[in-house]
Every structure is written in structure tokens, then in C-alpha cells.
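**Q** Residue numbers (the working numbering), protein chains in the order written: chain L, 1 to 475; chain W, 1 to 199.
FYI, nobody ran anything at the bench for these hints, they're computed from the structure. Hints may contain errors.
What the hints assert, rightly or not - Below, computed lysine to aspartate or glutamate pairings styled on DMTMM-like, alpha-carbon distance capped at 25 angstroms:
1. Lys69/L <-> Asp282/L
2. Lys69/L <-> Glu96/W
3. Lys75/W <-> Glu72/L
4. Lys184/L <-> Glu96/W
5. Lys374/L <-> Glu117/L
6. Lys193/L <-> Glu177/L
7. Lys196/L <-> Glu34/W
8. Lys17/W <-> Asp16/L
9. Lys75/W <-> Asp282/L
10. Lys305/L <-> Glu23/W
11. Lys326/L <-> Asp8/L
12. Lys305/L <-> Glu8/W
13. Lys100/L <-> Glu62/L
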Amino acid sequence: MSAFVPLDQLRNTMADASLQTAIYAATGRLITKRKGSVGEETLPDYQALRDQAHGIKRHAIENLDFYLKQLETNVIAHGGHVVWCNSGTEVADFILSLAKQRGARLIVKSKSMTTEEIDLNERLEHHQLEAVETDLGEYILQLAHQRPYHIVAPALHMTRFDVADIFTRQLGVEREEVIENQTKIARRVLREKFLKADIGITGANFLVADSGAAVVVENEGNARLSSSAPRIHIVIAGIEKVIPRAQDLGVFLKLLGRSATGQALTVYTSFLSGPRRTGEVDGPDEFHLVLLDNGRTKLLADAQKRESLFCIRCGACLNHCPVYRKIGGHNYPWVYSGPIGAIITPQFHGVLKDPWLPYASSLCGACAEVCPVKIDIPRLLLDLRSDVVQARRWKGSARVEQATFRAFAWIATHPRIYASLGAWAALLAPRGDNGWLRRLPFFMRVGALKKWVSERDLPVPARKSFRQYWRGRPG
Amino acid sequence: MNREAMLERVRIALGHKPGQSIEEPPPVYLTRIERSKGERIALFTAALEALAGRVVRCATRETARDTVTSMIAGKQVVASQASYLRLCGISIENVETPDADVGITSADYALADTGTLVMISGAEESRLISLLPPTHIAVVPVSRLLENLDDLLTRVPRPADGTSSMVLITGPSRTADIEQILVRGVHGPGEITVILVDD
């Protein structure tokens, strides 16, 4: 397995002191903010809301065929179009042909993990369409040709000096290191794009079946601009985003902002359905909802693991994960990082592509504890580890591991042999100083074990096996 | 084209029979509280001020008009077609929305718990007046001040029936994308003032 782990990359990340500080400080602040917003005083029914959210998501996902059809009917009733896409290529093809028909050249985009997932910008650029990211963090990353470091804080790893470099180089502006002024530069450049753009693309945090609506939450106003200023609005969303009723937002909106950034509500929550209606002052002339599969139906087929599709992309599991906080976002192989990335990436790409991913966890359970929709991430990680082993078995690799466990199973099911081996092991066990073993005897420093013990001290083994102790206990 | 194939994949993945009926969804979970008008106003004010928004109380529509007039002196302004603005006697010589320093609107509702304005797009309110200008002033009668999100969703259970766009606005536009330093007024208004009118 180790051959697949990006060890050099990991070492670089962990050796970079300023990057480590940046990740730790940023995730630490997000942890504090969340904690302050879900406490007994600020949100007394927080746990009840999590149960509700889980229940609604389970119901929606288990009846997805029904709700997709209901959603479609209502979008069409409000004058919108629904486009069903199997893959990223199909999404790009749809947008390209629409742009061609309408003579569109410039596209403004608001932050969307789903479009990151299908590399939409690259695909559009390839066909001479300009697609501009308008969320400040995403805009910086687009200029720097990087992918998001974090689901909700995409440029978490960058400093104002990095931004100054990028703006100077890519926009030709004078060097500016004050964050307020950097923000103003972005506002000015992007405002012009918003007013010129022919097409606006947004994602959706929720698709509401009973209303035919896309719900988009944000803080900057760029999603509102993307959906309202251009004459064509395209929503791109995974099919798992459907919830049954607008009234369910009472549950989800209370959880999403708080889990992500500690906000009771984000600055803007837009509830969008169809193009501008008769009598409305402004709004787009066309509204297209792209429903994307891109592998989601594969996840759906597994009754246990389909829970991964409940995710509302709040990013709380990343902030609380000791592994994410150490290795950051770019060492994960796909756009989804942290614990949620570790469970969905293998399911999208197959467990053997990055078999180390489900192991990138100490199974401490912090992710499950903060998940607003109560996805049992540690259990899913274990299921996926088991899938990795299973898949290797099919491929005939993992022979040593298999043989070891088979031997252990044989010993463990033969009590006499188990007992006598235990006694021998206790007798032969190495002695340490002050109760700790700093160095194992040479015959134990082999193979994978050698690496493992090189970083760890072990407690000195007891002089007697447990069985011996038990027999000899007084009374 | 893809529609049938995708729906079919979903159905098979879930192990449903064609045309299988579904179970009832979990009951709607919305809680109800009722506070006095005074409490709602105090909560709304505290919540919006915590986000660096401003709340001005006006006893009459005339004082609301005078407050607005003094706030916009010498500025380029655009106002929405809200009938409540007319009722207050606020009449503005509108500039084009992208050129305005100030956008004036009313709001369909306000939410006390979170300091939120609810804007429903229609003949009276536009999408862009509360969005493009750097300053947003909303003149709202206290009678439209609801308790919270649950209260709103109880009164407006299906927002899309009446509009292509309902937006909840909670404080000034903001970002913390660079070093998590809070900056207001990224793409939307950096300043927001709500004039609450008793009537």
C-alpha cells in the first residue's frame, strides 16, 4: 500500500512550518466558531435537528427516483429546463452548445464543488469560453491555477502576500498587501464581468422537490449576482441534493451555516426557481437545472454506504480531523478532502485507485460527532478498509497480510496453543527502562514492523500472560 | 435522452419496483414561539448590529421619510417600486442600478432571531437594487417583523409558487477568504441599514 501514499508531498506539507500554522489556525478558528453557535444556549435543539436532518436525508435518498421526478415537474412548471447528465463531459457539452446557440462568450461562476469535481472550467476554456470564478477564494485559486484546499474555505492555505503576488502577476495591478484593498480589487474586476456576462453558473446547496427550486447559500453576494445579472442562469447540482419540501430548510439552514462557519444564517440564502416571471422587475430570461450523476448512482446501490450522499458540504469534518489538520487539503487525491473525501473518493474512483485513503484516519470519531447530518464516517471508513482488503484479495495481492491473519486465526481458535504461546511471549518479551521500550530486539525490527516501531515507544510487556495472572490471583 | 436511463439507474440502485409508491416523509419539523413586539424588535436590532448592520427606529412614516432623505443627501440613489416606500412618501430620482451609491427597498418580511430581511422578487422588489449598490437601506414596517426562519417557512411554505427568487439577507456582504480576516462589502453591499417603522 505504501507505494501509493504521496509520501514526499506529505513530508513537504508537514515540514512547512508556515503552512502548518495556517492550517491549524484557520481550522482552529472554524472549530471555535462552530462550537459557539451550537451550544445549549444558542441552539438548544441542536441534537434534535441533527436527527431530523439525518432522517430527511435518508428518506430523500431512499426515494430519490420519486423526488427527482417531482423536482423536474416543478422546475418545468416554473418555466425552467431540466438537463440530465451522466458525466462531466455531458455537462460541458450542454453548456458549450447552449453558449453557441445564444452567442454567449463570458460566463460568471459562483463557488461550486460539483463543478470542481468535473473540472468544468478547464473543459470550457478548452473551447475558448471564458468562465470566471467569482467567489474571492475561488477567484484567487483560478488565477493561481490551483484546486480548493478546503470545501468551504478554498484558499485557506494562502497568505495576503501570496495573494499580492498572484494579483500583481495575473491582473497587472500594483502590488497590494492590505486585505481590504485586495478585496476591492477583486470586487472591481469582477463587477465588470458580472455586468457583461451572458451566462451565470451556480451550484445548489439544496434542490427542493415540492417547489422546483435551487437553494444557494453564500456570504459574498457573488452567487446572487451570478444568478440574477446574466440573462441565462444555469444551476449544476448532483442528484443527491434533493430534499422533499421547502419547509425542511428550517432544519438544514440552521445546521449548515453553524457547522461551516458558526453563522446562524449565512449572509445570503437564495431560493431560486425558474426564469424571471411575468411582472418581475429583473432576473434571468432562461433557467436551466443540470442534474449530474457522475458516479452517484454507484454509491446509491450500496445500502450501507449510500449514507455518504447525505453530506451537505459544511466542511466541519475537515476542521475537526487531526489528519486533515496535519496534511491539509492538497494531499488528498481529489477535490473532496478530509474525512468526507476519504469516504466518497474511493467510492467514486474505486477503492484500489488510492487504497490508502480509508486508512488516513485515526478513527477518533470527531468527524461523526460534528457531522450535522450524522453520517457515521468512522464506520464507513472501516467498511471501505474492508473493501480494500477484499479487492486486493481478488487481485491476489496482500498475501502476507492474509497469511498472517490466517495464522493468527488458527492460534486464536486453539486455546491450549494460544495459552502456551502467551506464556512464552511474556517470558521472552524484551525488558525496557522506566516501563518503556525504546528499541525492540533485532528480530522484531523487520519489514513493516520496523518502520512502525521506529517512530514509537512501547510499554514494557507484563512478565506473565493474562491467563497466568488470572489463575494466580488471590482468592 | 439521458433522463430515462438515469432515473432507471436510480430506481435499480434503490431496488424499487417501477411505479412503487413512497413512504411518507418524516413530519415537518418547525417550532413555534411567540414573543411580544418589543422583544422581537430588541432581538432583531441586537442580531443585525452584531453583524455590523444598523437599525433605526421611526415612530411614523414621515420620520422614516426624513431619515432616508438625510441619509441619501448628495448621493446617487435607486429605489424599488415597493408600495410601502410610496406610502412613506419616499420618492427618488432613480439612477441606473449599477451606478447607484445607495439602493432603497422595503422588505416582505424581517426575521427577529437572526436580523434577516426577506426579499421576494416581483413587481415591487427587484433582485439587483438590494445587491449592486454599496449601501442598502430597507424601510420596513414593524408589522412585517416575524420571529424567525421557522415562522417564515410556516407562513410561506412554498416560496416558489409566487416568485422566481426569494432571498434572505442577513447582514452586510462579507468574506473571510484571505487569512480568515473579515472584510465587508465584497460583491454585495458593505453597509446595510434597516429603518423599522411603527405603524
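**Q** May I ask which of the numbered hints given earlier this structure violates, with the numbers listed in increasing order?
**A** Of the numbered hints, 1, 2, 3, 7, 8, 13 do not hold.
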